[in-house]
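Q: From first to last, the protein sequence lines are chains Y and G.
Numbering of the first sequence is given in our numbering, commencing with residue 1 and proceeding in unit increments.
Numbering of the second sequence is given in our numbering, commencing with residue 1001 and proceeding in unit increments.
Keep in mind that the hints were calculated from the coordinates and are not lab data.
A hint or two may mislead.
What the hints assert, rightly or not - Here are the in silico distance ranges between beta carbons for each label pair:
no. : chain 1 : residue 1 : chain 2 : residue 2 : range
1   : G       : E1148     : Y       : S47       : 38 to 48 Å
2   : G       : L1084     : Y       : G24       : 20 to 30 Å
3   : G       : I1055     : Y       : Q22       : 25 to 35 Å
4   : Y       : A94       : G       : K1039     : 37 to 47 Å
Quantities reported herein were computed from a predicted structural model and do not represent experimental measurements.
Note that CB positions come from ideal geometry on N, CA and C, so glycine has one too.
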Amino acid sequence: MRVLIVDDSGVMRKIVAKGLRQAGFKIDEAFEAGDGVEGLSVLADSSVDLIVADWNMPNMDGLTFVQELRKTVQTPVVMITTEGGEAKVSQAMAMGANGHIKKPFTPEKLQEVIGPLV
Amino acid sequence: MSNTDDHHARLVESLQSTVPEVMSTMAFAEVAVTGISEKPEFCVSGPAAGLMLLIGERKGMVGVSMPELLARGAIANITGVDPLSLSEPDVIDGIGELTNMLSGGMKTKVADPGIQLSPPIAALGDEYLIEWKTGRPTTVLELEMSGERFTVHVCTL
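Extracted from the complex, chain Y is given alone in its bound form:
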């Protein structure tokens, strides 16, 4: 599986990659981006099977990123954040996100949410 992890924290990108492997997903290639603008740039050059995106990021936040990428890409998108407000979750899903996971998360939670999408 090729995955794009979009998060302004390099540590969180590593946490997500490690969590996906622990959840049993076979990661053939993990692309990383520090914000939504970088994420769109990666997607312009590479196709991926899954996108995991943070919510709060500089330059382009996760919600705008999802909105923009949905103009051309239908890859499953899962948002990971500490902000668990129902309104925001609804907003993300309305913009095209396929799932939402709150930090801290377990490999089991990643499998539960992402498993059906890939």
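Got chain Y; can you put chain G on it based on the hints?
A: Showing chain G alone in chain Y's frame:
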């Protein structure tokens, strides 16, 4: 007990369970709460420290302070990276993420829509003291992880 005092007590209670849960889930580390104390001001020192402001209807600050080696160990566990290969920016980034996860867990448990969190602030260094002058007392949770002590601070306005 006033509404503000009740709110503060709920944050403290939430942190007491959130910190061990987050460290166990993300860093695979056992954490024990060894004490709780009240301080007259919000003061956090290093070497590794993280802060998050409560910026919604409810105002306040959550702080984390721990030895650098303990921070490196926790960050290494949650990322799968060797602790000694973590760069200084990695450690600062990781302290911020730990603080973010602890504060986020607290917010989720309290389930108060009046709580909004700022992005995390992180610091790493030998000698410094971060002081937030509010005139309000701060509750300090004293914790132990891997035989090392660290503290979590919460102050509400």
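Q: All hints, please: hold or fail.
A: A quick look at each hint next to the structure:
no. : hint                         : verdict
1   : G/E1148 to Y/S47: 38 to 48 Å : holds, 45 Å
2   : G/L1084 to Y/G24: 20 to 30 Å : holds, 29 Å
3   : G/I1055 to Y/Q22: 25 to 35 Å : holds, 33 Å
4   : Y/A94 to G/K1039: 37 to 47 Å : holds, 45 Å
Hint compliance for this structure: no hint is broken.
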